[in-house]
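Novice: Using the sequences and the hints, build the whole thing.
The sequence shown lines up with residues 1 to 164 when you count with the UniProt record's numbering.
Accuracy of the hints is not assured; some may be wrong.
Okay, derived cross-link-like pairs now, DSSO-like style, lysine-lysine, Cα gap no bigger than 27 Å in a straight line [stated by the list, open to error]:
| # | residue 1 | residue 2 |
| --- | --- | --- |
| 1 | 161 | 69 |
| 2 | 94 | 69 |
| 3 | 48 | 34 |
| 4 | 92 | 53 |
By construction, these hints were calculated from the structure, which means they are not laboratory data.
As the structure is a prediction and not an experimental result, all values here were calculated from the model.
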Amino acid sequence: MNVDLIIQIIIGLVAAFAVYNLIHYIFVTRPGRKRLALAQRIANEAVKSSISKLVEQEVLLPFDENDLKSEDIAEVWGRGVMAFEYHLAGEKIKDSIPEFRKSLSHSLEQYGDDHHMHAHADDADRPAFMVTDVWQLDDRVHFDVAYLVNTTTIEYVDDLKRLH
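Specialist: See the structure below:
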C-alpha cells in the first residue's frame, strides 16, 4: 500500500469522526441539555412552591430558600430522565421522613392540579411531579422528584415502583 493512501484514509477517518461528533452535539446533546434545563427549572418552581406550602402548614420549619438546591440525576439513570435530587437540613423537618414524603407528594400533586399539569400515560392521568425517593444522609434529608414530562421519565418511575 502507498503511504499517501494510508495518510488519506487516516485523515478521512478523523474528519468523519469529527463531523459525526459535531452533528451529534448539534442535534442530540445540545437539545437534550436544553430540555433537561427547562424541565429542571419547572421542577424547581414546583418544589419551591410545594415546600413553601409545607412551611405554611408547619410541616417544615422556615429555612433559607438558597439552601434548597437541585441536581439532575439523569446521568445516573439515563438520557431523557427528568428527575432531580433536592436536599434540606434534617432539623427543618418536623415529622418523620415517611410523613414528610407523603406531605410533599400531596403538595406537589396539588401544585400540578393548580397549574393543570398532568402526565398522560396508559390512558391514565397521573401527577406531573412524583417524589421517587427520600432518605437521610448525615444531617440532610435528600429527596428525588421526577417531572413526568416524557415517556422515558414515566418508564423510569414505573421501573422504580417495580423495584419496591
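Novice: Now look at each hint and say whether the structure bears it out.
Specialist: Here is how each hint holds up against the structure:
Restraint check for residue 161 and residue 69: satisfied, since their Cα atoms lie roughly 25 Å apart, inside the 27 Å limit. In summary, the hint linking residue 94 to residue 69 is supported, as the alpha carbons are separated by about 20 Å, within the 27 Å threshold. Taking the CA atoms of residue 48 and residue 34, the gap is near 21 Å; set against the 27 Å cutoff, the hint holds. Restraint check for residue 92 and residue 53: satisfied, since their Cα atoms lie roughly 14 Å apart, inside the 27 Å limit.
Hint compliance for this structure: no hint is broken.
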